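Chemist: Based on the sequences and whatever the hints tell you, model everything.
Residues per chain are reported as follows:
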Amino acid sequence: MQSNIEDLLRELAPQVLGALVRRSGQFDACEDAVQEALLAAARQWPKDGTPDNPRSWLLTVATRRLTDQLRSETARRRREETAAALEPAVPGEASAYDDTLTLLFLCCHPSLSAPSQLALTLRAVGGLTTAEIASAFLVPEATMAQRISRAKERIRSAGATFAMPPASERHDRLRVVLHVLYLVFNEGYTTSSGPELNRADLTTEAIRLARMLHQLVPEEGEAAGLLALMLLTDARRAARSTADGWIVPLDEQRRELWNMDQIQEGVALLTQTLGRVPVGPYQMQAAIAAVHDEAPTAQDTDWPQILALYEVLERIAPSAVVTLNRAVAVAMVKGPLAGLALLGTLDADGRMAHNHRLEAVRAHLLERAGELVAARDSYRKAARMTASIPEQRYLAMKAAHLA
Amino acid sequence: MKYMIMTFGSAEEGVKAMGRDWMLEMVAFMQALDKDLRESGELVDDHGLADGSQAKTVRFENGIPVPTDGPFAESKESLVGYWIVDVDSEERAIEIASRIVAFIKAPIEVRRVMDAPPDF
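Same order as they appear, the protein sequences are chains A and B. Numbering-wise, the numbering used here comes out as the position in the first sequence, counting from 1, plus 5. Numbering-wise, the numbering used here comes out as the position in the second sequence, counting from 1, plus 610.
Check each hint, because a few of them may be wrong.
Stated by the list, open to error - Pairs of lysine-lysine residues, derived as DSSO-like cross-links and limited to a Cα-Cα distance of at most 27 Å, are as follows:
#, chain 1, residue 1, chain 2, residue 2
1, A, Lys386, B, Lys645
2, B, Lys686, A, Lys386
3, B, Lys612, A, Lys386
4, B, Lys666, B, Lys645
5, A, Lys386, B, Lys626
As the list claims (entries may be wrong) - Derived contacts from chain B toward chain A, CB cut-off under 8 Å, selection only:
#, residue
6, Val637
7, Ala638
8, Gln641
9, Asp661
10, Gln664
Stated by the list, open to error - So these bits of chain A aren't anywhere near chain B, every CB distance computed over 10 Å:
#, residue
11, Glu16
12, Asp249
13, Thr302
14, Ala313
FYI, nobody ran anything at the bench for these hints, they're computed from the structure. Model, not experiment: these values are computed from the prediction. Beta carbons are placed, not taken as given, at the ideal position from N, Cα and C, and that holds for glycine.
Modeler: Here it is as structure tokens:
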């Protein structure tokens, strides 16, 4: 299918769904109806041409599907209520963007598990088909269809409605939305070998949705921060792995492969945001990524600034992972032994007990400190603990070099 | 006909025994195999499993399910990876397995997946 039709359908999907749900209030039935309209468009428009008013076309077809669906249901009361509420499609409604934001909140409802939030967001807001989502997450299509179906039932039984969350909940709900988009980005950002084209599409999709969100809530610093973080991280994608799928760590990456446009956009976003709104963890992580991305070579990296940023991040959003990352910065500024000492404080932390990253960082610092036997053992331990094959190979190789 | 082709043991033992050049060759071999099986249309699924040390085994003891750390089988005999291939004959499944064995020099099990229709 031509990519411009595909892009158009994805863009219109949440607008059409929002308009339909606004009228009929039955999110799950509307979502199915819109899916069918999208599939119909994907079949017909390449042959018959794109209609003059594509949004109106989709809304009309989805409405028709919905009424057919309601007509065939046995619950008479529901049929009468909703059929009365449905009006013919009206093009050019002003609430299109508000609807998308409402939809995003609905799909990221706290009653849903993370995999369900991801799947539902990608379908209802991202406009991806069930098949595309299944393919991206490497599960069978039927499994993904069930996941989405059950997610919608769950939303209904949780009593969620198609309305913006009350002001008192909005901050927390927005944080959930940001986390879901971050998870989508992360899913796409795993290094892999083989024909994993779908993974790159997930990253692109996450950036697209984050950009959409930023435009919907331009006053929210963390939405800008998340988009900046994604751009600044994705900018390095081409350099992160070799053609054979081996991981290339940051200090060994060929920086001429980094995407300068994404870096510039990320930095510009941060410049507009930092200091003007309450700072948050995504902004801080983006700022750290920006310092890395602005260094022409690994040796030019401004590690003292990165350390200072981690210290702020640790104050506003402390976690064992942040401490771990700060230990790396400490080692770069004050030497490997100082970094190792900080890692020692994490050993007693239950959250880190099964985390391979602690061992991997420890191994790296031990190697830098010249403790090669201890480093080798740590690399091996980390290799046993990771669930990522490229990472396992990388760590095993590091150990093998010290054997 | 679908067959599961299984490898056992631990990646770490392999690397410890054989060294880093072997590791590079092993990765290249696995990627080439995966590519060939995709291109021939025979690959259904393949995965590596986490190291046996990360596994948990849940047993039924004194009337309740009890999880403990560690794999079911002895580490060196514990499942560590598999391919599921859809092939014309058992001979072909064994041929694929033989290619792997020639490289890793360790035993591989080939077992039919039960997806045959009943004979009535």
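Chemist: Output the numbers, in ascending order, of every earlier hint that fails for this structure.
Modeler: Hint check: 1, 3, 4 and 12 fail, others pass.
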